[in-house]
Amino acid sequence: MATLHTRSMARLMISPAVLSLLVWMIIPLAMTLWFSFQQYNLLYPERTGFAGWDNFNYFVTDFRFWPAIANTLILVLGVLAITTIGGILLALLLDQPFFGQGVVRLLVLAPFFVMPTVSALVWKNMFMNPVNGLFGHIAKAFGFQGYDFLGQAPLFSIIIMVAWQWLPFATLILLTALQSLDSEQIEAAEMDGASAFERFRYIVLPHLTRALTVVVLIQTIFLLSVYAEILVTTNGGPGTASLNLPFLVYLNSIIDNDVGVGAAGGVIAIILANIVAIFLMRAIGKNLDA
Amino acid sequence: MARSISTSRATVTGVVAWTVGFLVFFPILWIVILSFKAEGDAIGTPWHILTSPWITEAYVTVQERSDYFKHFMNSVVISVGSTLLGLLIAIPAAWAMAFAPGKRTKDVLMWMLSTKMMPAAGVLVPIYLIFRDFGLLDTRTGLVAVIMLVNLPIIVWMLYTYFREIPGEILEAARMDGASLREEIVYILTPMAIPGIASTLLLNIILAWNEAFWTLRLTAAKAAPLTAFIASYSSPEGLFYAKLSAASTMAIAPILVMGWFSQKQLVRGLTFGAVK
Chain A
1 MATLHTRSMA
11 RLMISPAVLS
21 LLVWMIIPLA
31 MTLWFSFQQY
41 NLLYPERTGF
51 AGWDNFNYFV
61 TDFRFWPAIA
71 NTLILVLGVL
81 AITTIGGILL
91 ALLLDQPFFG
101 QGVVRLLVLA
111 PFFVMPTVSA
121 LVWKNMFMNP
131 VNGLFGHIAK
141 AFGFQGYDFL
151 GQAPLFSIII
161 MVAWQWLPFA
171 TLILLTALQS
181 LDSEQIEAAE
191 MDGASAFERF
201 RYIVLPHLTR
211 ALTVVVLIQT
221 IFLLSVYAEI
231 LVTTNGGPGT
241 ASLNLPFLVY
251 LNSIIDNDVG
261 VGAAGGVIAI
271 ILANIVAIFL
281 MRAIGKNLDA
Chain B
1 MARSISTSRA
11 TVTGVVAWTV
21 GFLVFFPILW
31 IVILSFKAEG
41 DAIGTPWHIL
51 TSPWITEAYV
61 TVQERSDYFK
71 HFMNSVVISV
81 GSTLLGLLIA
91 IPAAWAMAFA
101 PGKRTKDVLM
111 WMLSTKMMPA
121 AGVLVPIYLI
131 FRDFGLLDTR
141 TGLVAVIMLV
151 NLPIIVWMLY
161 TYFREIPGEI
171 LEAARMDGAS
181 LREEIVYILT
191 PMAIPGIAST
201 LLLNIILAWN
211 EAFWTLRLTA
221 AKAAPLTAFI
231 ASYSSPEGLF
241 YAKLSAASTM
251 AIAPILVMGW
261 FSQKQLVRGL
271 TFGAVK
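Chain order of the listed sequences is A and B. So the first sequence is numbered by full-length UniProt numbering: it starts at 1 and just counts up by one. So the second sequence is numbered by full-length UniProt numbering: it starts at 1 and just counts up by one.
Hint data in this document are derived by calculation from the structure and do not stem from the laboratory. Just so it is clear, the structure is predicted and the values come from calculations on it, not from any experiment. Do not take every clue at face value.
Here are some chain B residues pointing at chain A (derived, C-beta under 7 Å) [as the list claims (entries may be wrong)]:
#, residue
1, 14
2, 92
3, 231
4, 232
5, 251
6, 254
7, 256
Just a sample of chain A residues kept apart from chain B, beta carbon distances all over 12 Å, derived [unchecked claim]:
#, residue
8, 48
9, 50
10, 58
11, 67
12, 152
13, 183
14, 185
Ideal Cβ placement from N, Cα and C applies to all residues, glycine included.
Input sequences plus hints: build the corresponding full structure.
Have a look at this one:
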């Protein structure tokens with residue numbers, strides 16, 4: 001009975017969404033690919049033409065390239081480690097009954113709604129500033145010198161800021177998954193003499209696997225393109241100490257005006273993100289059939 | 001006996017949980033406290049900060065000196081505008097996919113999701129050039145369009161997961177009772193779909209409000225929303241702690257409240273229905 005009429009009606013209803021996303025994806029993607037093989041520097045408009053692999057060559061042999069790749073990975077892995085482990089612990093804690101559960105849940109969730117520029121500036125000035133920041137004051141109270149977080153350990157400091165913003169996300173999703181766990185299973189295991197650790201290892205953790213996969217993959221997508229936090233705190237420095245791939249692309253294309261090289265960097269960023277994306281799509285696709 | 005053990009255990013859990021919750025929330029609380037201080041007091045020791053007089057001068061100064069209200073309105077226009085436009089495009093699509101699924105529906109959904117995986121840095125160059133050539137740099141129109149497209153896959157997906165939960169049998173029952181198509185839509189589908197649409201609206205306003213790649217790169221003075229305005233405090237105004245705190249508090253307060261209301265929907269929206 002799903003007639004031709006409803007079929008074509010459905011197609012008509014879907015097409016605005018499909019067409020706009022198609023345009024949004026294909027045009028910029030094609031342009032990025034095209035520019036990445038062209039000589040195109042806004043400062044030297046007379047130099048044009050096919051560049052072959054020159055832009056890619058320039059981008060990957062830049063002394064900043066490998067540090068940027070390394071920093072991108074350290075940033076992603078660092079934040080993932082903190083948020084997944086912290087998220088599991090927090091979710092287990094918030095799943096217990098105690099007075100004011102709902103309020104604590106809201107408190108823990110709050111950092112997720114703070115815009116990245118606010119979060120970065122507040123951490124940079126009010127907490128990590130060696131002289132006037134809160135950590136500096138605390139160090140002084142104990143007779144130590146204030147530690148210059150962003151000067152001495154810039155990447156670590158950025159990892160802390162970003163992890164603070166994503167910890168609520170991991171916690172909330174893991175908590176949601178935890179609440180769907182059948183409590184009878186746990187009780188049965190308890191009666192059979194399973195220790196708290198064994199119950200966690202063999203019942204809770206397997207139950208959380210899917211939620212954990214989703215947390216890791218979605219965060220990776222966002223963490224691969226951390227940008228605002230770096231822009232307002234360190235600008236990638238000192239040297240290349242906190243430079244990541246998106247920021248290097250920005251430096252090449254907007255600051256150095258080299259569209260071709262920036263585009264080549266963009267292509268590399270897309271390839272990197274796609275490797276992650278394939279795994280994420282599989283995890284989510286499986287759920288559609290269920 | 002067993003009862004008293006579990007009570008004391010709940011007390012310990014409560015103390016630990018409240019402490020952790022307080023620490024996680026503390027940076028936000030600290031901004032709010034600093035925003036009610038004089039500049040000279042705001043850089044003092046924590047003890048000095050807590051004991052110095054509470055004033056609202058920083059809020060007044062931020063409003064007067066920096067067109068705060070203009071940037072706030074830019075944020076409102078961009079986040080609400082992009083979300084409404086996104087809903088306008090996404091509702092029919094999600095509707096059709098949920099109620100008249102074809103063989104390709106799943107593929108279309110997965111493909112839409114895949115557009116979300118494209119890193120912004122990868123298309124920064126072309127978008128920047130297109131914006132420059134079409135005179136869209138530093139305009140609200142341009143940002144509404146870009147942010148709408150960035151979030152469109154999430155909007156479609158969220159709506160789809162909500163619509164799919166509306167039981168089809170209800171429609172059949174209504175038809176048997178002789179409801180016309182118009183009556184079906186007005187009296188049955190719309191009331192059932194509105195909660196899902198509302199949650200989608202809320203979550204996407206939050207995401208659009210906090211978007212901090214395109215808003216920073218594609219705006220300057222005129223169309224800059226709060227994300228970009230706050231970024232302008234990075235130096236040397238960042239040293240004015242009280243003003244930075246006041247501006248930050250005003251920038252995050254409305255969205256924090258909305259976020260607290262939408263916490264349940266957040267999970268579904270951000271995991272594309274994979275965790276409910």
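- Message: For a quick check of understanding: which of the numbered hints are violated here, in increasing order?
- Response: Numbers 4 and 6 - these are the hints that the structure violates, sorted from lowest upward.
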